[in-house]
Structure formats: structure tokens, C-alpha cells
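Colleague: These protein sequence lines are chains A and B, in that order. Using this note's numbering, the first residue of the first sequence is number 1, and each one after it goes up by one. Using this note's numbering, the first residue of the second sequence is number 1001, and each one after it goes up by one.
Incorrect hints may have been included.
[Claimed, not checked] Estimated spans, in silico, between C-beta atoms of each pair: (1) B/GLU1187 x A/LEU515: 18 to 26 Å; (2) B/LYS1398 x A/CYS670: 13 to 21 Å; (3) B/GLU1187 x A/MET357: 39 to 47 Å; (4) A/ALA345 x B/ASP1074: 26 to 34 Å.
In case anyone wonders, no lab produced these hints; they're calculated from the structure. All C-beta atoms in this analysis are idealised placements derived from N, C-alpha and C, irrespective of residue type, glycine included.
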Amino acid sequence: MKSKRSLLEPEKTPSKRSSVAPATPNPSETRKKRRNAKKRSYYKKLAYDGGVFEVGDDVYVKRRDDAESDEDDPEAEECRICFEIGSSIMIECDDCLGGFHLRCLKPPLRKVPEGDWICEFCKARKLGKKVKLPRPSDGKKLRRTAREKLLSSDLWAARIESLWKEPDGTYWLKCRWYVIPEETTAGRQPHNLRRELYLTNHFSDIEMESVVRHCYVMNPREFAEANNEGDDVFYCEYEYDVRWHSFKRLAEVADTDNDEEAGNDEDWKYSNDSDCDSEDDSDFDDDIVGKFSCHDTPTHELAANSRRGRIFGLHKIGLKKIPEHVRLHKPTDLERAKSMLLLTALPKTLPCRTKEMEEITLFIKGAICEDHCLGRCLYIHGVPGTGKTMTVLTVLKNLRTEVDAGKMRPYCFVEVNGLKLSSPENIYRVIYEALSGHRVGWKKALNILNELFSEGTKIGKEENRPCVLLIDELDLLLTRNQSVLYNIFDWPTKPDSKLIVIGIANTMDLPEKFLPRISSRMGIQRLCFGPYNYQQLQEIIESRLKGIDAFEEQAIEFASRKVAAMSGDARRALEICRRAAEAADYRLKQLAKSSKSNLRQSLPQGKHLVGMNDIEAAVHDVFQAPHIQIMKTSSRLSKIMLAAMVHELYRSGLCEVTFEKLATIIRSLCSSNRELQPGWDDLLKVGCKLGECRIILSEEGAKHRLQRMQLNFPSDDVAFALKACPEIPWLSKYL
Amino acid sequence: MASEKALDCLRRRLCDSSFVYSAFKSTPAGNYSKLKFLISNTITEACNNSVLLLGPRGCGKGAVVDMILEELKDEFPEIISVVRLNGLLHSDDNFAVKEIARQLCMEHKLLFSKMASSDDNSQFMIDMLRECGLAHKMIIFVLEEFDLFTQGKQRLLYSLLDAMQTLTSQSVVIGISCRLDADQLLEKRVRSRFSHRKLLFTPLSTEDMQRLLEHLLYLPKNLSLPSKYVKEFNSNVNNILGDKKFKEILDVLSSVDNTISNICRFLYHAISWMHFESGLLTLDGFKNALSCMQRQPMLDKLQGASILEFYILVCMNRLGSREQNSFNFNSIMKEYKAIQDAYKTSDNYSWSVCLRAFEHLIERELISFLDNRMRSLSIEYRPVRLLLSSQELHQGLKSNSFCPAILLKLLNHESYR
Chain A
1 MKSKRSLLEP EKTPSKRSSV APATPNPSET RKKRRNAKKR SYYKKLAYDG
51 GVFEVGDDVY VKRRDDAESD EDDPEAEECR ICFEIGSSIM IECDDCLGGF
101 HLRCLKPPLR KVPEGDWICE FCKARKLGKK VKLPRPSDGK KLRRTAREKL
151 LSSDLWAARI ESLWKEPDGT YWLKCRWYVI PEETTAGRQP HNLRRELYLT
201 NHFSDIEMES VVRHCYVMNP REFAEANNEG DDVFYCEYEY DVRWHSFKRL
251 AEVADTDNDE EAGNDEDWKY SNDSDCDSED DSDFDDDIVG KFSCHDTPTH
301 ELAANSRRGR IFGLHKIGLK KIPEHVRLHK PTDLERAKSM LLLTALPKTL
351 PCRTKEMEEI TLFIKGAICE DHCLGRCLYI HGVPGTGKTM TVLTVLKNLR
401 TEVDAGKMRP YCFVEVNGLK LSSPENIYRV IYEALSGHRV GWKKALNILN
451 ELFSEGTKIG KEENRPCVLL IDELDLLLTR NQSVLYNIFD WPTKPDSKLI
501 VIGIANTMDL PEKFLPRISS RMGIQRLCFG PYNYQQLQEI IESRLKGIDA
551 FEEQAIEFAS RKVAAMSGDA RRALEICRRA AEAADYRLKQ LAKSSKSNLR
601 QSLPQGKHLV GMNDIEAAVH DVFQAPHIQI MKTSSRLSKI MLAAMVHELY
651 RSGLCEVTFE KLATIIRSLC SSNRELQPGW DDLLKVGCKL GECRIILSEE
701 GAKHRLQRMQ LNFPSDDVAF ALKACPEIPW LSKYL
Chain B
1001 MASEKALDCL RRRLCDSSFV YSAFKSTPAG NYSKLKFLIS NTITEACNNS
1051 VLLLGPRGCG KGAVVDMILE ELKDEFPEII SVVRLNGLLH SDDNFAVKEI
1101 ARQLCMEHKL LFSKMASSDD NSQFMIDMLR ECGLAHKMII FVLEEFDLFT
1151 QGKQRLLYSL LDAMQTLTSQ SVVIGISCRL DADQLLEKRV RSRFSHRKLL
1201 FTPLSTEDMQ RLLEHLLYLP KNLSLPSKYV KEFNSNVNNI LGDKKFKEIL
1251 DVLSSVDNTI SNICRFLYHA ISWMHFESGL LTLDGFKNAL SCMQRQPMLD
1301 KLQGASILEF YILVCMNRLG SREQNSFNFN SIMKEYKAIQ DAYKTSDNYS
1351 WSVCLRAFEH LIERELISFL DNRMRSLSIE YRPVRLLLSS QELHQGLKSN
1401 SFCPAILLKL LNHESYR
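Sequences and hints are given; from them, build the entire structure.
Modeller: As C-alpha cells, then:
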């Protein structure tokens, strides 16, 4: 077997890291060592050489031991003009990252300006002039900061993944490297920031010796908030895959609102048992290595959609280059409003559902905090889009923080969605997998779960925690003999179950549809999420649009009133507003395009707010059926046919008519109005076309003259659509 | 030579849907620019969207989507991956998820396993949506015959639309349907997740039709054709388009079906009648094309029928007009014998010959069995029905020169009954 390093590192990588890596022990050697050694001792935090290093910290790493050493490692940067460090305020150029004293500038600045600032040298360079940078006075060496060295790839940055002490007393760490844009295959892109780094999926073990000191790599939000952190601040938004040379956004960056929680998660993991955890980690690493080594033989390759293959196959997905439109685009107010109105953009707080949240919190707390922890059930119902699932999830998130603070007993949480199961029985498998991590068939899972909940046997070695089971779309679990529901609601009644079931569905009377033995086990605890009224909808929309000036006040109110009158569905209200914002945006961009191409006029300045008209159009889009439009634009014969149907409806009072009869009526209408006599087969074709659009309901065309037809929309709609038809004025006689 | 080339060029254009629909690219209120704005905005703003394209068949729903996807693939290389499903093929949820997994694997050059369970496949789909979202990649789901996906529990639509509002993914679901009430077919929890964007594709109006004809028929200048010929051709086309008779032809055509695909079919017929020596289109060509488009298949079927077959049809019609709803071969034969006895025509055939003629009519679907239930019964006892109306039969008899006069009388006059 080849060594781990060379396998991880494809030959083509531009970085010379593989050849000049800091002293890494031969992996096979370490492994052997691990087997022989009694124990390595792992640390979460380590004081070494005057600094405190923690798992998850970012550090500078020396490139090699014999690198030209600037003995003094300056913590602070020198001014580019006077080459003194000085304590007075310095300003950083956004282009070359050079630091300047405010007083050294020409003309001197009094305070740090808002927004981007570029030094005069860069400005001049951009204009194409030759620039002579001021040189330091004789005898003074130009010192470089660690940041500069890193960005010119004389230093490395890495994230500490784990720290340990070898039995022989040396300190080691496993690190995950960062790369600078120049070291990727794509090279530095125009949109890359000066201080940007990429996190790689390249790990190695290095000695503590080679660590220089701390640096701070931040995600975009932290980076935006950071202002006075010194020179060692870097920006990292993307992960770089050294094997596939592709980029991907960091997952924790993506769900921005879960940041705090992600942090918690990590704490959880490490609080367990750091030793076994890191052992697992390295096993996983070995696993990858093994996978890579067998990669050349395609027979061993796993299919991406199979269970095992998923972990590896998805590495391939990633961009070869980060598209510019993502980074260089500055959103306008309208665009920001649109993104806030997205259904994915979960709000920080949930307005208008405080009462329900309290009730759910009370329910769960009551169930968990009791000493015995009796099982309980709660049934939540309400029309779609009233925030049922979201409320429950928010409550559980809040409880999680309480658990972390030690105020509550820890519990486990399983979420199942009835509509995402391929069959109702699969729920056993999903629950068991969530509890134990093993995958078995549903019958076996049912047996184990039965034992677990009714007899209190344990999964794994740890003590059974109370379990909260959230079942979304409960009605989908309804089988013929309802055994699935029976089992699920039977478990909480067992004395040792410690199971809490929360069921969510749309219909209010679902428990009444169950067999009596199930509804009696389900208990009577129910919670209704009523549809939102217009004030609540308005509050929801406004809470999302806080600080963005894109909507007229009455426009929001209009939208929420409309939706509240129809359904009270928050999703729909948000969608209508988003749609309206989109329409306004579209109008604006068309305007910009036309004015650019025609007159080169400057855009009419001022606010472009989303007004009533946009909302009206969006509401119309959502609630209006398009049939009238189609009737108006349909062909001449189909109009005549519709009119004849309405005529016949009024005459006979029967809504159904056979094709033969209809055809005779049409032909008589045509002849009395001096129209061309349509052929029978043409009429049949027209009838079938209308039937396809469901403007009329008709049987299949093969029945020919015996085909029965019927209008699908009220006759008044047809009359409205065809009354003022300019091409066939005589139609109005028959409507 | 030049005319051949011109014909070639015209034909190629008519078959190329993206060229046909590019006539309506520039209008800002058109569906093309709206849909394109929607999708490209979704890409640049990294969000999710769902849209439903509705309209009768032949109005260019699919063609516009294809065109936009092609252009966007050029505009944003590597970013877009398209998954296409058709309701006729993939209306089964498990199979649809498998197909999605297969297409995603193909697109991203991953290995696909046929053996994976549907749970695995749907998990794979969710994972892919997430991973692609992280990599700024976009997945476009095109669901043709959208209405057929709404049969059953709608698990596919639910999981797609639910993933779109819970994950940080970038995807667009485009549903294409000719049923105008397609969004009403969605279950309410699915409908609540659907974003209710609807684009309506309507058939051509008269002005649009004119524009389309000009767009399709004028020869381009830059083709390697002699410019004199191109000029002549175009002025000729201009004359034809301005002709009153041509307008009448067009009116007749569009009164039945005014969709774009129908017009294209008509033009394809018409240019095949091009006058070869001069290389110009003629009005007669358009007339001929119109008659090709106006075939009446029922009457055509009657054209070749034999006298005996006409007798049987007339007998059936007489039985039907006597409010006798259900009849089979035997009762038809009774009527036939009665006619033969009363009028002593020369067309008196034996029972087995008549049965053969009867079977022939069934094969040609001029008559059909009432139901498929009594298959075990022999043909002469199974109830049948007539698919022709009496007017059609009358027209057919009249146009047939061999038809004996007595048949027409039998069909129409009360006294002969």
C-alpha cells in the first residue's frame, strides 16, 4: 500500500505540500505505535509554548524547519510609509492590505472613512502608472507579518482537529489545512477577497513544534462583524476538495440561522468522550483512504444512490470555479426583500404563535421532567401553512438549549414525515435507525422497538433517555387494519416506555376516524392551530421585511387580508408578496434595459416600491383560474361550440349533451348565421381539444356520436368570456 | 438548385421548434422572457421556485422550456442540471424517484445502482439537492404531463416541494400541463407548498399569426442563395400574405385549430407544393395544403365501403331511429331481409356474406361493440352501435356514385319505413 499522503494528494496539485510537509510521522508507523502504546492521551485544550490551543482553533504552521526565519515575528504591522509600528490608529488598504498610519497619509485623514478605502499607491497602479513604493531607511529590514507570509505561501494555516500527547512525551495535533486561492487549480479569481482562504478536506498529523501561533479564520458573518481583531483575520466561505479540485460552500455557513446550534452540537460531541470520538474519526479517515485506494478498480466502486456509496459519491459534486455572479452581486432592496420572503429563510423568532409554543413546551416539559417519565401523546391539527411543524421544531430547539444549560434531563428526538415513507410500516425502521444508528428490516425493528418500549431493555450501553417522537402528516400512516398507529400509540401507555408522541395532521377529526382502541390510547390532548387572521399575517410579513424598504404599507395589508379571507395560509401570503416583488423587479429591469438601449436616459430616480398593483396581479395569479383567458383566445369553432353548449343548457336544462345533438345544433347555428358549415370530424377534434383542457368534460373521442359532453365551468363564465367577442358578434344572441 | 436549397431551408426551420418560437422572444410580456427572468433570477439569487405552465397542446410550452434551458446552459456552464420526468412514464412515485436518482447520477457522472431501495433513492435526492445547493449548482425538474403526477398520494411532489422549502437548495420545479385546473388537483398540503406561479400559454391571435408567418416564410439574406432570387421569393411571399384569398384560407384553418403546431404543419404541407421551375410559393399550394389538413376521416372511411356494407349501415340507422337502442347482427339481418322482401333488390346476399361485411365494418370502426364484457359470445349475438350520424351517412351515400337510389330513400323518407 502506498502511503496515505500520496494517495490523498493527486499528482497534479500545484501545492508543493506533499514534498515539503512538516515532519509527519509515517502513518503506518503511527498506527503501529497506536497498537503498541498503552494510550495516547487526548486533550481538548493544551497550553504549549506560551499559548493555549484548543480543538477547533486555527493556527499558523511553519512550512519547514529550515525556512528563512524572521527571528522576530511581528504581531503588529508596520506602517508602509514611516515603517514604525506606533500605537496610533492605522488603516488598511482594501486592495494591497498594506497598513498606513492616518497621520502618514497625504493628505492626513482624521478618522477611518466608512466603506472601502484604497491607498494612493494602488490607485495609481490601477491607473496604469508606475509606482515607487517608499523604501525603508537603511539598516532596517523590511519585516513581513505572518499574514503576508501566509498569503505568499511561506506559511500555512490549519484548523486543529484533535490534540494529543504521544507516550514518548511529544505533543501532536491532527490538522485540517487551509489553502490560499493561488494554490487551488482555479487560481485566484477576480472575486476572491484578499484575505480569503479555502478549507480543504486534507488532514494530516503534525507535531506541535511547527505551530507558530493563532490566527482567526472566520465565516462571512463573523468576518463582517469583526473589525478590531488585528492582522491575523481571514475569511473562509468555501471548502476545497483536493481530490476533485472543486469548491463547495461550507455547510455551517449555509444554514446561517443554525450557527448557534451548530456550536452546541460540537460541544455535545466533545463532552461525550473525546477519546473514543477521535478514535472513531481516525477510523473514518482510514476508511476514506481505503476507499480511495480501491478507486482504480471500478468493480469496487459503490453506487452513489446506494446507502454506503452516498458518503463518498457526493464528494464529486462541486464547482470547478466559483461563479462570479454569486460573489460580485450587491443585492438591491427588492432582491433582499425577495430573499427574506423565501420559505427557506426561517425567521429567528416565530411571531403570533406564542400561546401554542407555551403549550407545547409545557407538554414536553411535563412529560420529561416527571421522575417516572410517563409516555404521553399530543395531537396537533390545523390547515396547511399555519406553522405547526415549525412551532414544534422551535420549541424543541429552545428546550435543547435548556438541556445544554443543565436545567432539563437530556432526551432524544426523532422526526418522521408520513409522506416521505415509502410505506407506513417503514416508520419502525426509521425510528429504530434514528435511535440506534443501525438499519434493519421493519419487522425486526418492530420487535426491537416493542422490547425497548414495553420492557425497557436498552439500546447500546447507555441508559435509555426519554424519547420525543414527532410524526408529521400522521394521516398517511392509516393502514387498513391500523396496526401501525395502534403500535405507535400503544407504546406510550406502557409503564417504562418514556416515549412522547406528537402527531401532526391537517384534519381535525382524524382521531375519530381511528378505531376506538387507538383513539382511546391517543388520549384527548389536542392542540389546534387556527388559520392566521390578517393582522397576524401582516405581522409575519413585516417581521421578515424589517429594515428593508421595499413594500408599501397598504400593499402588505392588502395581501394579508386577501389571504386571510381565502385560507389563512402563511406560506401563501409570503409567496404572494414574493411574487409581487418579483413582478416589480421584472418591471424595473425591463425599464432599465429599454432606457439603456433607447435614450441612455438615467433611470427615474426614487423609490421603487412594491405597490398595490403588483400585489393585485399576484393575488389574481394565485386565486384566478385561467380558463376565461383560454376561452377568449381559443379558435373560432371552439367558441361556437361553447356557445352552443350554453344555449342548449338554457334550452333543455340538462347539463349533459351527446355529441350528435351538439353537432346538429352547431350546424344549424352556423347556417342561420351564414358561417361555413364545419365538418363533423373537425367538430370532434375541437371537442376533444376542449376536453383535454378540461374546459368541458367529455368522454373519449372514440365514442364519436355517442360521446357525452358537459361544461366544466359555470355557464356564466362562458357567457362572460364570449359575450364581447369581436370576431363573432352573433354569439351573444345565444348566451 | 436555388429552389431546392430554399425549400430545404424552409423545411428545416419549420421542424426546428426553437426557431419557430423565437418569433416571440422579444416581447417583454411574453412567456419566454417571463420564464427566463424567473429561472435566471433563481440562479443568481440562489433560491427555489416552482412554476406551472398551462395551456392547450401545441402552444409551445415544452419548446419554450427547452429553448430557455439550452440558453441558460450556455450562460451558466456547469451550473445547471436538468431532470426530466413525464407523467405518462413516471407517475408511480417510487419509479419517479428512481428515475430522478438515475438522471442525477448520469449528470454528475456518479455510479447508479438499480438495486437501491426507494428510500435510498429519495434520501439520495435530498442529499443531492443539499450538496448541489452548497456548490451553487442548480437542479431543474421538468415535469411534463404534470396532471398525471397528481394521482395517488403525491409523495413525489410533496417531497420535492418540501425539500425546496426546508433545505438550502437551488432548484426549480417546472410543471407542464394542458389541464387548466392542474393546480386544483394538488392535495392541499402540497398546494400550500407550491408557489402558485402560473404561466398561461394561449393559442395565436391574428396579429401573432401574421408575425409568425413572416418569420417563417421570408428567406434570410445571408444564406448562400442568389440575392435576386431571395428578393423575388420574398416579394412573392409578401404578395401571397397580402392576398385576400390567402386570408380566407388561413381563417378556415385557424377556425378549427389556431395553435402554433397546427400552423407549422399546414405550412409544411404548403411549401411542399412549391413551384419548382420558378422556385416560388403559390397560392394553389396553400389551397392544396388546406384540403390536406381538412380531411374528414369518417367520410373517407365511407368512401371505400361496398354496397352491402351500406345496406347494413342503413339498416342500423333505421333500427336506431326506431328508438331500438340495443341491436346485434341478428336483428340487423332481420331488418335487411325485410327490406329485401319488400323491394326485391338485386343485392340480396347470403347470411355468411353479410356476416363478413359486418366484421369488416367493425374492423373499420364504423360500428363498434357496445361493451367489452361479453367476449365469449360469438359476434352475431353481441350488441353493437353505429358510430355514424345519419347526416354523415347521407353525405357518404350521396358522394358514392355506385350507390342504388333506394338506399337514400330508405335512409331519409318516412314512407319507406
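Colleague: Work down the list of hints and note, for each, if the structure agrees.
Modeller: Going down the list of hints, with the structure as the test:
1. B/GLU1187 x A/LEU515: 18 to 26 Å: For B/GLU1187 and A/LEU515 the Cβ distance comes to about 24 Å; the hint holds.
2. B/LYS1398 x A/CYS670: 13 to 21 Å: holds (20 Å)
3. B/GLU1187 x A/MET357: 39 to 47 Å: For B/GLU1187 and A/MET357 the Cβ distance comes to about 27 Å; the hint is violated.
4. A/ALA345 x B/ASP1074: 26 to 34 Å: holds (30 Å)
The structure shown violates just one earlier hint, number 3.
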